[in-house]
Amino acid sequence: MTALLKMKQTTSEIALSGLAAVLDLSGALFLADENVLLVADLHFEKGSSFARRGMMLPPYDTRETLKALRQAVSRFSPRAVIALGDSFHDVGGPDRLGEEERATLAAVQAGRDWIWVTGNHDHTLPANIGGEVVETMTLGPLTLRHEPEEGTQSEVAGHLHPVGKVVMRGRSTRRRCFLTDGTRCIMPALGAYAGGLNACDAAFEPLFPNSFTAHLIGSERIFAIARGMLCGD
Amino acid sequence: MLGSMPKKSSSPLPERFRRWFDSRGWQPRRHQLDLLAKAKAGLSALLVAPTGAGKTLAGFLPSLVELAERDSPPRGRKRVLHTLYISPLKALAVDIARNLETPVREMELPIRIETRTGDTPAHKRARQIEHPPDILLTTPEQLALLLAHRDARELFKNLRRVVLDELHSLVTSKRGDLLSLGLARLYALAPELTAVGLSATVREPDDLRRYLVAKPSVERNLADLVVVAGSAEPDIRMLELDEPLPLSGHTAAASMPAIYDLIAKHKTTLVFVNTRLQAEYTFQALWDLNEDGLAIALHHGSLDVSQRRRVEEAMVAGKLRAVVCTATLDLGIDWGDVDLVVNVGAPKGASRIMQRIGRSNHRMDEPSKAYLVPANRFEILECRAALDAVHEAAQDTPDARIGALDVLCQHILGMACAEPFRLEELYEEVRAAAPYADLSWEDFEASVAFVATGGYALRAYERFAKIVKGKDGLWRVRDARIAQQYRLNVGTIVESTMIKVRLGRTSRARPGSVLPRGKVLGEIEEYFAETMTPGDTFLFAGEVLRFEGFHEDEVLATRASGSDPKIPSYAGGKFPLSTFLAARVREILADPFEWDRLPPQLADYLLAQRRRSIVPGPRDLLVETFPRGGRYYMTCFPFEGRLAHQTLGMLLTRRLERARQKPLGFVANDYGLAIWGMNDIAAKQARDPGFIDTLFAEDMLGDDLEDWLAESSLMKRTFRQCAVIAGMIERRFPGQEKTGRQVTISTDLVYDVLRKHEPDHVLLRAARADAATGLLDVKRLGMMLKRIRGRIIHKPLDRVSPLSVSVMLEIGRERIQGEGADDILAEAEAALLDEALA
Chain A
385 MTALLKMKQT TSEIALSGLA AVLDLSGALF LADENVLLVA DLHFEKGSSF ARRGMMLPPY
445 DTRETLKALR QAVSRFSPRA VIALGDSFHD VGGPDRLGEE ERATLAAVQA GRDWIWVTGN
505 HDHTLPANIG GEVVETMTLG PLTLRHEPEE GTQSEVAGHL HPVGKVVMRG RSTRRRCFLT
565 DGTRCIMPAL GAYAGGLNAC DAAFEPLFPN SFTAHLIGSE RIFAIARGML CGD
Chain B
234 MLGSMPKKSS SPLPERFRRW FDSRGWQPRR HQLDLLAKAK AGLSALLVAP TGAGKTLAGF
294 LPSLVELAER DSPPRGRKRV LHTLYISPLK ALAVDIARNL ETPVREMELP IRIETRTGDT
354 PAHKRARQIE HPPDILLTTP EQLALLLAHR DARELFKNLR RVVLDELHSL VTSKRGDLLS
414 LGLARLYALA PELTAVGLSA TVREPDDLRR YLVAKPSVER NLADLVVVAG SAEPDIRMLE
474 LDEPLPLSGH TAAASMPAIY DLIAKHKTTL VFVNTRLQAE YTFQALWDLN EDGLAIALHH
534 GSLDVSQRRR VEEAMVAGKL RAVVCTATLD LGIDWGDVDL VVNVGAPKGA SRIMQRIGRS
594 NHRMDEPSKA YLVPANRFEI LECRAALDAV HEAAQDTPDA RIGALDVLCQ HILGMACAEP
654 FRLEELYEEV RAAAPYADLS WEDFEASVAF VATGGYALRA YERFAKIVKG KDGLWRVRDA
714 RIAQQYRLNV GTIVESTMIK VRLGRTSRAR PGSVLPRGKV LGEIEEYFAE TMTPGDTFLF
774 AGEVLRFEGF HEDEVLATRA SGSDPKIPSY AGGKFPLSTF LAARVREILA DPFEWDRLPP
834 QLADYLLAQR RRSIVPGPRD LLVETFPRGG RYYMTCFPFE GRLAHQTLGM LLTRRLERAR
894 QKPLGFVAND YGLAIWGMND IAAKQARDPG FIDTLFAEDM LGDDLEDWLA ESSLMKRTFR
954 QCAVIAGMIE RRFPGQEKTG RQVTISTDLV YDVLRKHEPD HVLLRAARAD AATGLLDVKR
1014 LGMMLKRIRG RIIHKPLDRV SPLSVSVMLE IGRERIQGEG ADDILAEAEA ALLDEALA
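From first to last, the protein sequence lines are chains A and B.
This note's numbering puts the first sequence at residues 385 to 617.
This note's numbering puts the second sequence at residues 234 to 1071.
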């Protein structure tokens, strides 16, 4: 057990409805059997979305998010990438992409299938952004959509931006996390400016009637934490 | 003919004013006449006077005289604003307005006086700009709003006088920065303006005199000074008990019966404490003893406004025997006949304690009467040092501030809302404000760039610019929506985000979960709520509550069965021990002749410390190491206040980790800190004699500090405040309240990104400047590290010394410090594995 703890792992493997899923430190999820990489809630151009309304957030969020995305893609070299909605913070987002960011995105897309699942922030996407646009899709046993639906099983979704908080001996840490019960997985938000919703929030309860395990993204590896170890904010 | 002129014309007071003074049996006081003369000569002035000297009347008298003497009030023509009064507290402005009404009514002066606060209805505010009163009483935030109004130039162009009340308290914060910029604009708008500042005694009156004359290129850049000599020496002493005080803790439980007796023996007592929590505790303890049913009330900032107002009114009406209160009552509301002030806990600063003592006996010629009540043995030292300072009338008010850049950003946007500006002109105007006198052109430009587009190297937001430079070279606000945004976000108080406390009910369907079904009990400070974890118990509004967690934007709590609240983070006070008192405490400690003046219990304790270890000299740092309970401890006593010690603890822990000394945690209080871990630092020091010196070397303020700041939650909180003040983040959207909690999340992420891409961005510089003196107190830590260089005395011990016991006792009471990281997660994960393997 000690050996297991000491082993440095930047990824973590779980079983999801019978498929092998690799949880990546970036917040991406790799389905090895399908050779597909899933990402959620990129919220590209959230900074400029706020700037439009007079709040001048640093305009570097899209390139930070792209950097994480690019690293995950080069780590797994998937045949396809599926972005599970809210990839842009608003429908005007694609138009505001800077030249450099647009080129980086194109480079990451090159040589593989790219699917944008629509979300509540980006219910429509322009054709020039590359890739295919769908509302929902299936992949083997899994349904992929933006907003998780109660009652369904075998689903991977985003939307809720889960974060887990752990308190030990008076010290606390709050990290983005994957939540899963073995059949459903709620993915963390990958966007640099995407905030988080505490995994203890009531919104998660109906999705996981038999509880869940949270996979918290640490600075060097992923930690599997039991529901009971998590604290509210 | 000269000879026939009536004699009375030699008096500066007009006839009806003299008659009014006579009718009250009063004589105009020297300083009141002095201020009148200064005003007539067109001079600004600072009035330094103790409480009860008739400061307010002195401040207003010149305005009343001038308004009374002006030509018959213009009929049909609208009035012009003559005098502006700025107070740090809304309640004070309202109170002063009430007090001014009396002479105006009794002398039948044709003067209209109004207040303008956040509570003033919108229609009245609009009317005040259209048809201003003669005298307007308001706050720094409202002044900023008025100055950002399109009609500001018209409104203020005839302003003659501005009265700044409680100036000593205003200038120590960002509100003071904001007010200084407003004052500079007032001088620019109103050529005939003079200012008068009303202040308690301060260490450097010249700082305030400079602050008052925010006028560029004038020869006299100091306001005149009028000083009212202090009253009779205060009758102040320490409350001494027969039984020994505990070595730590801040509740002063043992002293409550004695305090109760004092209340019973006096007419009206003000019991000052340092924090809301202490106020709650003291109030409850006094009522437990209150067999005579004395009217004892509670007053602190998080109580409901109407409740506070009731207490204030009862106080003025003389219906209360005692009020337990916090800093909310430090400022000058007139309290009538207080004949005793009791200060519970550490005094923290000499000037602070003198201002509090001044609340008793409002008649200047009688001595104020006060007791200092130490809550633990160390506080005896601090009380002793404070008593000495009071007798010498030594002051330790803080240094003048360097104007914050985030406040400047807010002001720049406000000025653009008022009217188009030229960059060079605004720069000159801003530098007339004392805190910004040394502002560089580069910093000013960077601030303007921030307001316009965020000021980033990547110029992505040009088309969204909030202020734009026109072809005429003038900068203008882009549209009315930006101006609206400015109005909603004005002000420098961010931390006061209050959060509602709702009583919860245990769910029947799901035992263990709590539903938000009960009533709202009141509000607590968000930062306090954030220190709690579910299960913690705390006192609120006289009840013991169990913290259950957050529900939406409220705190959910249940009534706790026990009567012994845990009260986490029971810090000694929001204010750290002043540098001045700290130095005095070290001197008393170092000089055995001084110990004679201390109560025997403390002298015995110090003698025991000398036998068992060492009593350090006034400039030394004593570091003790000892084993205890399977762990190794290191304690040290810099006496630099809790905030600086917390920062020191964080940095030492990081350095010990890097030296593979396996530190586990630390606690800090106002006097020192204790760190513990798995390795024996004494053994390490024996092998490597320079180890402890290196550990405390000044270079910890370099890379180690930088590394820590990257993830420090205190730094992120500091950054959040700057981001809100500067206008990067809104406090709220129109029609959509955004709670402080939501803002926290996003600014933490913004901080990470900004730090990575533009480490020298103006907002990060603003946050670092705040960290130097604010929550992290880095500046003071730096001074301490310099002081102790080459003066560290390491004393290896086989068991804990008397001195170390005091800080060791904080363990368990204080929250253990440390920023959580992967090690916590590993531990939590191990718990899951244990469960799986069991």
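Hints are supplied without guarantee of correctness; some may be wrong.
As the list claims (entries may be wrong) - Label-pair restraints from in silico Cβ distances: (1) 940/B / 454/A: 47 to 55 angstroms; (2) 657/B / 437/A: 29 to 37 angstroms; (3) 635/B / 594/A: 40 to 48 angstroms; (4) 733/B / 454/A: 38 to 46 angstroms; (5) 531/A / 721/B: 27 to 35 angstroms; (6) 851/B / 437/A: 34 to 42 angstroms.
These aren't lab readings, by the way, just hints derived from the structure by calculation.
Remember, predicted model here, so these are calculated numbers, not experimental data.
The beta-carbon is built from N, C-alpha and C at its ideal position, and this holds for glycine as well.
Cross-check of the supplied hints:
1. For residue 940/B paired with residue 454/A, a C-beta distance near 26 angstroms fails the hint of 47 to 55 angstroms.
2. About 30 angstroms separates the C-beta atoms of residue 657/B and residue 437/A, a value consistent with the hinted range of 29 to 37 angstroms.
3. For the hinted restraint 40 to 48 angstroms between residue 635/B and residue 594/A, the CB-CB distance of approximately 58 angstroms leaves it violated.
4. Residue 733/B and residue 454/A have their C-beta atoms about 44 angstroms apart, which keeps the hinted 38 to 46 angstroms range intact.
5. In this structure the hint that residue 531/A and residue 721/B lie 27 to 35 angstroms apart at CB holds, the actual value being about 32 angstroms.
6. The hint said 34 to 42 angstroms for the Cβ distance between residue 851/B and residue 437/A, and at roughly 56 angstroms that hint is violated.
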